[in-house]
Amino acid sequence: MKKNNMVAMILAGGRGTRLEDLTGKIAKPAVHYGGKYRIIDFPLSNCANSGIKIVGVLTQYESVLLNSYVAQDHIWGLDTKESGVYVLPPREKSDGFGLYRGTADAITQNIDFIDSFDPETVLILSGDHIYKMDYDAMYRFHKNNRADVSIAVLEVTLKEASRFGIMNTDQHDQIVEFEEKPKQPKSNLASMGVYIFNWKLLRKTLLDDLTLEKSSHDFGKDIIPALINDGKRLFAYRFKGYWKDVGTIDSLWEANMDLLSTRNELDLSDPSWKIYTQDVNAFPQIIGESADVKNAYVNQGCVVLGQVHNSVLFTNVTIEEGAVVKDCVIMPEAVIRSGAKLERVIVGPHSEVTPQLSKVVKANEPIQLIANGGEHHG
Amino acid sequence: MKKNNMVAMILAGGRGTRLEDLTGKIAKPAVHYGGKYRIIDFPLSNCANSGIKIVGVLTQYESVLLNSYVAQDHIWGLDTKESGVYVLPPREKSDGFGLYRGTADAITQNIDFIDSFDPETVLILSGDHIYKMDYDAMYRFHKNNRADVSIAVLEVTLKEASRFGIMNTDQHDQIVEFEEKPKQPKSNLASMGVYIFNWKLLRKTLLDDLTLEKSSHDFGKDIIPALINDGKRLFAYRFKGYWKDVGTIDSLWEANMDLLSTRNELDLSDPSWKIYTQDVNAFPQIIGESADVKNAYVNQGCVVLGQVHNSVLFTNVTIEEGAVVKDCVIMPEAVIRSGAKLERVIVGPHSEVTPQLSKVVKANEPIQLIANGGEHHG
Amino acid sequence: MANALGIILFENPSVDVAGLTAHRPMPALSFLGRYRLVDFMISNFSNSGINHIHVHVKEKPRPVYEHLGTGRHYNINSKKGKIRVLYGEVETLNKVYNTDIFSMMSNISFLEEDKNEYVIVSSSYMVYTANFEDLLHTHIGSGADISIISHSTDQAKDKFLHCDTLTLDKDKRVTGLGLNLGKVKTRTISLDTYILKKSLLLKLIKKGYQTSSLYWFNNVIRDELDHLNIRVIPHRGHVFAINSLQAYHQAHMEFLNPVLLRDLFNSNWPILTRTNDSEPTTYCDKAIVSNSIIANGCKISGTVINSVLGRGVVVEEGAVVVNSILLHQTTIGPGIHVEHVVLDKYSSIQHVKELKGSKVNPLYVTKRDSI
Amino acid sequence: MANALGIILFENPSVDVAGLTAHRPMPALSFLGRYRLVDFMISNFSNSGINHIHVHVKEKPRPVYEHLGTGRHYNINSKKGKIRVLYGEVETLNKVYNTDIFSMMSNISFLEEDKNEYVIVSSSYMVYTANFEDLLHTHIGSGADISIISHSTDQAKDKFLHCDTLTLDKDKRVTGLGLNLGKVKTRTISLDTYILKKSLLLKLIKKGYQTSSLYWFNNVIRDELDHLNIRVIPHRGHVFAINSLQAYHQAHMEFLNPVLLRDLFNSNWPILTRTNDSEPTTYCDKAIVSNSIIANGCKISGTVINSVLGRGVVVEEGAVVVNSILLHQTTIGPGIHVEHVVLDKYSSIQHVKELKGSKVNPLYVTKRDSI
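Residue numbers (the numbering used here), protein chains in the order written: chain U, 1 to 378; chain Y, 1001 to 1378; chain S, 2001 to 2371; chain F, 3001 to 3371.
Keep in mind that the hints were calculated from the coordinates and are not lab data. Note that the structure is predicted; figures quoted are calculated from it, not measured. There may be inaccurate statements among the hints.
[Stated by the list, open to error] Lysine-lysine pairs mimicking DSBU-like chemistry, simulated, CA-CA at most 35 Å apart: (1) Y:1214 with Y:1204; (2) F:3203 with F:3170; (3) U:183 with U:143; (4) F:3060 with S:2095; (5) Y:1132 with F:3299; (6) S:2345 with F:3203; (7) Y:1132 with Y:1186; (8) F:3115 with S:2353; (9) U:274 with S:2299; (10) U:143 with U:221; (11) Y:1326 with Y:1274; (12) U:132 with F:3115; (13) Y:1359 with Y:1326; (14) F:3115 with U:240; (15) S:2345 with F:3207; (16) Y:1274 with F:3345.
[To be verified] One-sided and incomplete, this derived list gives chain Y residues near chain U with beta-carbon spacing under 10 Å: (17) 1065; (18) 1068; (19) 1079; (20) 1085; (21) 1279.
All residues carry an ideal CB built from backbone N, CA and C; glycine is no exception.
When you get a sec, could you build the whole thing from the sequences and use the hints?
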């Protein structure tokens, strides 16, 4: 088999319990975002746009929908002869069924998979971050530094830094220390959970880690510190641009609202770095005579007959005449009935909001969720 | 979502332990057959050729290779907007990890999957049988009989009948009794494990069966008898043509040898019912000056410089000058070195046969296996 | 699965949507913001279980090839089925000889090799939805040699101009084939869609080709009215014949009727098309949009009324767009007013302050134009 | 990933592979049983990380469109990359005006919109393997304006006839561009492959188009020899110029050399093509096959020596095939002897007992012929 430069492995096993009912039936990376996308479209489109051919997706919890979604590798053009998106749930072994016990363990359990492509480097990604990034540029950085490991970092404020894994670096951005959520951060370079490893080294490190009883088998907690201790060459790759972790209802709402901002940093309109997603049957959006649509981000298939201000409407949403939607995120196939009034609410997919379910959330209160529909295949 | 007539579910969880080292690393439906195919190409190609759009593949044991193979739905043209091959391994549930406890249980655990397509009928198939069959013709038979269940049957000899599940039918081919491996068979209609069920009825029957403590959750043993007892309309659909279950090394060898027979009933050359399989990189086959190839079935990528009689050579096999291969099945990427002599042997994928490994098996002895290579992705 | 091959012929020379069809063949013509005309007929075929389709292209085949691709987005299984674009196997000495009969004749081996018993011969400029599996059953049941799908209208003075009209006897047998010159209100219009056996089509093509090298398929049909049992199957539902710029504009304006839209965009009968991976559309703070159909990827800061916008259209602040069709990637600059205008792809209005056509004569702005 | 657009131009009129190129454009010509000529250059591009490719087609584009498809089988990511078949956007008054310069000129917007800094301009009739990522680095390092990939041969009397020859000064700068008329043994042959900046290509196209409407790209290059720094990059390895029936036959015969085969079919440099889902080939009891290259789906009951068989070829009992090329779906009837023959697709030899050409004049049997 021809040598692939870099195999990407996406950790997509998060339960996302803080996303409440939105993830009752689906895994977090499959959550809808931005009018037409799912979160995992971002790392997958980044891979496609960066020229990566092989992507493994490590899934875990209740993931039929996620598994079958990412298996449609043609969405990201990853269905060529020698490319593919491979779904890798935990496997039945001769000693029974395993679960992934940590981010590193998920890779360890798939060493055979990675080996079969004989890659020089492996790219580790997370399935639930929203950002656009050229992994090929990071790969060139990795090669130019003759690095063993490169870790993408984001410059955060020192205040925020205590929420992240922080890289302390020398003047060449070589990493000298890693601190997980430090109380007194010495640097503002936060790990984005995006790593390039030389595969031979990672493979050995993972197998060593497997034997350590006290290890939590986690990249941040175990693997990275071990490699720093071993004197390996780890470099921080500074990422500039929009990056968002959408772990809560509030941050999911915020990330959607960011698209309405005049300084929309994510810029999904750039034709040279498109984000690809499933092509759902939908007619063009229809804005009726009675509609009032302002400061909104609206996807195809929507029928808007009511008022929509400062909101994001996903595929095939219906806003009936007389409905009022303000500061809301309305997910696919939802129907807002005539007379319903919503403010600062996320409406889940396939939900129906009658006037009785109207909900107006005050500016200083947490965003609320209405979810009375289900998720569907296809 | 648009109504699909029929969703196909392929039971592909067999361990195939009787296939020895051939299945050490792969599931039985992924075993190679016929020079270029894998066994599961047959039900999948039949589905594509019968106009079926949604196929679920129920996998279980060590199935990364099988999972990633069938997920390449473009192989069978099943990658259109509204079609797909969905890999369905057992899932983590809130009450921990499940395994499929029987053929029926595998379907029961995926009721939500089938429901999401809202099908009228469900087609149940096995992943390890070699045959060409038009499931659309069987569907029309099912509709014309206003059947609740249709079961494809093969006419076997009464002697063979005791090895099969046997359908006893009336003059209209309505099934009046089902007997699993009867000692005194009353009929020669053997079940092929191919069923069409009206989904509403099957759904209810599966859920009822789930509550029965003594049930083995098996179609043949539990579901079919229960439906007959309930007075439902079950019909036997008579299949004519080649059909083979390749559960053992001997039957796998035989099935390959059948392709060399002058009355090759399977006929893989019919352009109107092609069997589709992965397109592996290979040049055309090269037959050298010293070669002697007779009565052979040879796939692209082979380089034959030695003697090959009455044998099947798979993709990218090399037969060196001076090697002698007779009555053999040589799987992909294997190399038969100069001076090696093989007779009545199956050589596993990526194996290397040196003269020291020569093996000549007598006509009345069981076929032997040489497998010292491994299976690869892609 | 219907046992029929679907054929989409190219339109005869009377069909001319001004500059729009100078830049691309009819099947690739943009429609309703996100579709191309051919999507409607191919969706009809695909939804009817027809997965072998021939699309004949008169000239400039590239956009048709690129739009149709493997047929994946039309639910055509690329292993079992095939959308074949047929173009220019044999060159004509003069364009006038490039008739639909000639095109079928020079690609006759693809027709002969097809395994289906029936063919449905259609055209991409006739926009309607129809279940051809049902129509095929009706055809077979009727005993006719050829069925023509027809549409009765009492607006023949304004619509379906230059379309073929049918004269019928009491038994719905076709006795005459004429042309709608807009003089009579009530007409039975031919939808240029014929159902017949493939073997009969092969005979008719060869006969027509021998009769005259200027013959079109409807000429052949007219010659056979006395010899064959040719009947109509009336079509229920909306039909649009996109055979002029006015008809193109008029069809878009009619689509702005929500009832009609609901009829046509029925979730059991999807109109399938190729995706462009455009982002959703952005409505800015000052946007005023009413009674309009909008594709993805637009940025609207101005006013849009009774209009249809293609992908990636930009309407800047203070601009006013009324009764217009803006094809994809067009821009209306700040403060500019356009009315009854059809803007071809990539064109940009930045300098003229006002641009107005009329209902009868919509104004066409050519591809990549900047005014 | 190489920062270059790959362009495959069509061949100039001196290239003529007898009947084979009358039935199909050069890129779609069958080669070595299972390939088409264009597979080699597209594999070169794809394996070099080039995923934007323009293929210009002179006539009959259908087989090229169908063979290239979405580019999936060439490992081209269809979302990020694109193989674009460029054909007939603007019609020529006369075929003689349809030069490669004209074709690029009439598709100039696709070239202008491309984001790559460099272009690699090539042709499909030159068969060789090359890593264009490396060649591009060499080009950039050399400081040349244009690099021409060249091949030195001492068999110029027999091979590369009518190909462009290059005269070089001591520094490998190209000082002259001629034609190989087979009079001199040792020659530096141009592989019709040029590496340059896209901005320069755009200038040259426009300049050439203005200079003469009969200009081809190599005419433009010749005019610039004094003005631009045009150098060669020598190519190591085998090269076949498929510009006549004799050259086509000769190249196949040379491929029967196992050493050459191993060189070309290197697993690190796959030659990619579209699969046809054919079954493996069946060798019957009486088959005698030696020194031959055989595609899938054949049924061989007779004798095949020093020959190349395409997909689905049938050689019946007692038939003898020597030094021949049988394209796909051809049949050699029982007892028939063919030698130095090139059989086009679907043809069948059933009645003549013997059919012989020679090495210099191989016999060509046309598509679908039955003799």
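Structure-based check of each hint:
no.	hint	in the structure
1	Y:1214 with Y:1204	holds (18 Å)
2	F:3203 with F:3170	holds (28 Å)
3	U:183 with U:143	holds (33 Å)
4	F:3060 with S:2095	holds (16 Å)
5	Y:1132 with F:3299	holds (21 Å)
6	S:2345 with F:3203	holds (26 Å)
7	Y:1132 with Y:1186	holds (27 Å)
8	F:3115 with S:2353	holds (34 Å)
9	U:274 with S:2299	holds (17 Å)
10	U:143 with U:221	holds (25 Å)
11	Y:1326 with Y:1274	holds (28 Å)
12	U:132 with F:3115	holds (19 Å)
13	Y:1359 with Y:1326	holds (11 Å)
14	F:3115 with U:240	holds (22 Å)
15	S:2345 with F:3207	holds (28 Å)
16	Y:1274 with F:3345	holds (21 Å)
17	1065	holds (9 Å)
18	1068	holds (5 Å)
19	1079	holds (5 Å)
20	1085	holds (8 Å)
21	1279	holds (7 Å)
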